[in-house]
Amino acid sequence: MSGRRSRISEEEINELISKLQILLPDNYHHRHRGSSRASAATLLKETCNYIKSLHKEVSELSGQLSELMAATDFNGAQAEVLQSIFRS
Amino acid sequence: MVALRFLRALSLVRCSGPGARSPSYRARGIRRAAYACMAASAGPRRAWSRALLRKIRRRPGRGLRRPRAVIRRRRPVGGGDPLEVALRRLVPGGGCMEYCRLLEEAADYVKCLAMQVRLMQTIVDSASHVNSID
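The listed protein sequences derive, respectively, from chains A and B.
All letters in the first sequence, in the order written, are residues 1 to 88 by our numbering.
All letters in the second sequence, in the order written, are residues 1 to 134 by our numbering.
Just so you know, nobody snuck in bad clues.
Just some of the chain A residues that point at chain B, by a computed CB distance under 7 Å:
1. L44
2. E57
3. L61
4. Q64
5. L65
Pairs of lysine-lysine, DSS-like flavour, derived with a Cα cap of 25 Å:
6. K56/A with K55/B
7. K52/A with K111/B
8. K56/A with K111/B
9. K111/B with K19/A
10. K55/B with K52/A
11. K111/B with K45/A
The set of hints was computed from the structure by calculation and includes no laboratory data.
All residues carry an ideal CB built from backbone N, CA and C; glycine is no exception.
Starting from the given sequences, assemble the full structure and let the hints guide the process.
As structure tokens, then:
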């Protein structure tokens, strides 16, 4: 199973895995496991779940935006958003 | 900046048919615009953004014909690890790359996705705010 992976150093993989761990939000964080392999598998699973939930949020927000655009004067909202983005 | 690009795309969606399209059609267009803007802002240096743009702009004869980007026809990696396979399916363009590269791409993709979600939430919040003032 890991024939391909042995060409890349275990160290590099662990480094990337810890980078991924930093990106996951707090509610996906679990306490550190003993062996790095177990935590790698957990992290992969959490990353997959996180990506799936982000995809779902994009779909939901698209729906909300679609409703809002029908209902409001969107140009006013746009200007306000731009201002708030540039201010922050 | 991805915010400006996305807002511009949103204004185009509105002009193309206020009232003429169903909300769900518009929602799909907005979602497509979200991924397109996200990928366009990330630029061609990332495999996931290239793969996303290829998927979205799949129309013949429409720009982006860079021979270098097309060549990568390695056969898809048949992994033994179901988690790795799952990740490859979730990250655009993740089918053929090395494991190490997959993790890098996944990290960048997650970062940009999270930013896009925050951006859209901000827009929804201010649009609702403007709505409630009237």
